[in-house]
Amino acid sequence: MTHTLTHNHVEATPDLSYKPFQRRNISSRALSFLAALFAVIAVLPLILVLGYVLVQGGSKISLALLTQLPPPPGLEDGGIANAIVGTLVVTAIAALIAVPVGVGGGVFLAEYSQSGWFAQFIRFGTNVLAGVPSIIAGVFIYGTIVTSRILFGNAYSAVAGGMSLAVLMLPTVIKTTDEGLKLVPDDLRRGALGVGASRFVTVVRITLPAALTPIATGVVLGIARAAGETAPLIFTALFSPFWSDLLTPEGIFAPIATLSVMIYNFAIMPYEFHNELAWAASFVLVVMILALNLFSRWLARFAAK
Amino acid sequence: MSAPDSRYLLRSRPLAEKLVDISFRNLSIAMASVVAIVLLAILIVVFQGSLESMARYGWKFLITSDWNPVDDQYGAGAAIYGTLITSLLALMVAVPLGIGTAIFITENIIPKRIRDVIGLMVELLAAIPSVVLGLWAIFVMEPFIRPGLELLYQLFNWFPLFSTPPMGPGTIPAVLILVVMILPIITAISRDCLNQVPPQLRQAAYGVGTTRWGAIVNVILPAAISGIIGGVMLALGRAMGETMAVTMIIGNSNNFSVSLLAPGNTIAAMLANQFGEADGSQVSSLMYAAFVLIVLTLCVNIFAQWIVKRLSLKY
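Chains as they are written, first to last, in the working numbering: chain C, 1 to 305; chain H, 1001 to 1315.
Incorrect hints may have been included.
Example chain C residues on the side facing chain H (calculated, C-beta under 10 Å, incomplete) [as the list claims (entries may be wrong)]:
1) PHE21
2) ASN25
3) VAL49
4) SER113
5) GLN114
6) TRP117
7) ALA130
8) VAL139
9) TYR142
10) VAL204
11) ALA227
Keeping only pairs whose Cα atoms sit at most 20 Å apart, straight-line, the calculated DMTMM-like set for lysine to aspartate or glutamate is [what the hints assert, rightly or not]:
12) LYS175(C) x GLU1123(H)
13) LYS1309(H) x ASP187(C)
14) LYS60(C) x ASP245(C)
15) LYS1309(H) x ASP1192(H)
16) LYS175(C) x ASP1192(H)
17) LYS1112(H) x GLU1123(H)
18) LYS60(C) x GLU250(C)
19) LYS1112(H) x ASP1021(H)
20) LYS1060(H) x ASP1071(H)
Over 12 Å on every C-beta distance to chain C, these chain H residues come out as not near it, computed from the model [to be verified]:
21) ARG1113
22) LEU1161
23) THR1211
I should point out that these hints are in silico values taken from the structure, not numbers from a laboratory. Glycine residues also receive a C-beta, built at the ideal position from the N, C-alpha and C atoms.
Construct all of the structure, not just a fragment, from the sequences and the given hints.
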């Protein structure tokens, strides 16, 4: 056997050079070309949408636009200021609810019960909750908070909107905390426990700070996602053409304007000026979200160093 | 100070420290339970809200498409059909595009720097809010593709799917915008799965002399298929629940039409449109529709998780 092999080898050295016109090489190149085409098609919408938003919306940005209230339908003078403030307020409320709860849940998953049935169930539930459509979060808050008027007799409110966004942020924060804490080497925990720190001190002073950047990256991404959400807000925070009085409780327990709902409302209005305001609001929203995304990317790279 | 040896004795934990430890643990358990509570509460609230409508219309709600708040007649057939048809069509377009892009940016076809840029761009596409895509679809995309749809109608109006003249908003524009929305998910998950295929498999494939696409089709894709299918299922769930962009471009017509050029509706779009000013039994019917949507997306998501566990190959 060995003999014949070597014999053949000597007799006919196979031609190993690359033959570009062999059928399989042609088809391989054709498929590479097809994949490149698909990648171009996949990137095209981003370029088109970003281009339109930056040009159409960016050209309308002015100081007046950023500081004035939207005009009543039909009139042509005003801005989107209250919606910018509203988006910040509603997103902040959502983060205030979702971040502590999410980090706490993530700490439980990573530090206290890696593989118990309860942790398995919570992990599964987190994945399921992450797949719940955003509008369902709105329906849920509508059914519990808005119709029951549980918040001091108010129906639609900024707080209700923030709560529905918190439902959407929660799974992201839990997952990133869980994954972030799992990356912390066990030696650190053993070291801390070994010098006599309690579990509480170990988690709060050692493991959480060590995992801070991955957690922060996830939180920033969650906030960016929440800031762009519209569906859960259209019947929880509703909309308001006025300033909200944020220094009094009446402000955050009343309907509030947000950029995303403003885009939706003004896009389907038959007034050209309102359509332009929708483009301007898109510009502000997209710049905000892309900035948050790039910031989280920078955070992640900063952590990797 | 007492005897030097006492420093090495086990420290007895003061009561306060034990208390802090135990309460911190319990607090974290409570926070984790919030997920389960919210999930259950969503199901209970929506189910309870839809009881009235369920009792009145039963399963006929699912197949009739008569949505008339004035006469209190409700049937979500058109919306359910719209949800299924738009998400399945979007999947059919987005899956080849997404997997092709993922292959392009994981396999060594072009320099790494360009691949990274494409990957970043696809991820940023996922960050663009749905409502902004809807705005773009209304004012830019739909006018741009209308001549094409017009032509489609002229040529194929004998075919039921293209049997009505395009009037602006409709099912096909909604499908296109859904493709844009789910493409990043499919691409990102496929890319991660392809990256996780062990290098030995590639080396072995190239070692026996295959071409690049021989290796991709016969070795790398089969190794990554479980994760990719999971990602595709997640994208399907996302497509079924996607609301704003679809609401703004689909036309929101409750009249059932099999034609893809006609205005249609999805459950999510119906909820977005009507919840703000609904009252009485309309709320209950909307809750019923929302319940159907939850059940659909839950099934798809749980199936996705199951299939990832089931199909994952052990490398």
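Going through the hints against the structure:
1. Taking 10 Å as the C-beta cut-off, the interface hint given for PHE21(C) is violated, the closest approach to chain H being about 13 Å.
2. The interface hint given for ASN25(C) holds, since its Cβ lies 6 Å from the closest Cβ of chain H, which is under the 10 Å cut-off.
3. Of the supplied interface hints, the one on VAL49(C) holds, with its beta-carbon coming within about 5 Å of a beta-carbon of chain H, less than 10 Å.
4. Restraint check, SER113(C) versus chain H: the minimum CB separation of about 8 Å is within 10 Å; hint holds.
5. The closest approach between the C-beta of GLN114(C) and any C-beta of chain H is roughly 13 Å, which is over the 10 Å cut-off, so the hint fails.
6. This hint is violated: TRP117(C) has a C-beta 12 Å from the nearest C-beta of chain H, more than the 10 Å allowed.
7. Contact between ALA130(C) and chain H, as hinted, is supported at the beta carbon level, the nearest pair being about 8 Å apart and thus within 10 Å.
8. About 5 Å separates the beta-carbon of VAL139(C) from the nearest beta-carbon of chain H, less than 10 Å, and the hint is met.
9. Given the 10 Å rule on beta carbons, the hint for TYR142(C) holds: about 6 Å separates it from the nearest Cβ of chain H.
10. At about 8 Å, the closest approach between the beta carbon of VAL204(C) and any beta carbon in chain H falls short of 10 Å, and the interface hint on this residue holds.
11. Taking 10 Å as the C-beta cut-off, the interface hint given for ALA227(C) holds, the closest approach to chain H being about 8 Å.
12. A C-alpha spacing of about 19 Å is found between LYS175(C) and GLU1123(H), which places the hinted pair at or below 20 Å, so the restraint holds.
13. With a C-alpha separation of about 30 Å, the suggested pairing of LYS1309(H) with ASP187(C) is violated against the 20 Å cut-off.
14. Restraint check: the Cα-Cα separation between LYS60(C) and ASP245(C) comes to about 27 Å, which exceeds 20 Å; the hinted pair is violated.
15. Restraint check for LYS1309(H) and ASP1192(H): satisfied, since their Cα atoms lie roughly 16 Å apart, inside the 20 Å limit.
16. Between the alpha carbons of LYS175(C) and ASP1192(H) the distance comes to roughly 17 Å, so the proposed pair stays at or under 20 Å and holds.
17. With a C-alpha separation of about 16 Å, the suggested pair LYS1112(H) and GLU1123(H) falls inside the 20 Å cut-off, and the hint holds.
18. Between LYS60(C) and GLU250(C), the direct Cα distance comes to roughly 32 Å. Violation of the 20 Å bound is thereby established for this hinted pair.
19. Straight-line distance between C-alpha atoms of LYS1112(H) and ASP1021(H) comes to about 48 Å, which puts the hinted pair past the 20 Å bound.
20. Taking the CA atoms of LYS1060(H) and ASP1071(H), the gap is about 17 Å. The hint holds against a cut of 20 Å.
21. Every CB of chain C lies more than 12 Å from the CB of ARG1113(H), the least distance being 14 Å, so the non-interface label holds.
22. Once the 12 Å rule is applied to beta carbons, LEU1161(H) is consistent with being away from chain C; the minimum gap is 23 Å.
23. At roughly 4 Å, the least C-beta separation between THR1211(H) and chain C is not larger than 12 Å, which violates its mark as non-interface.
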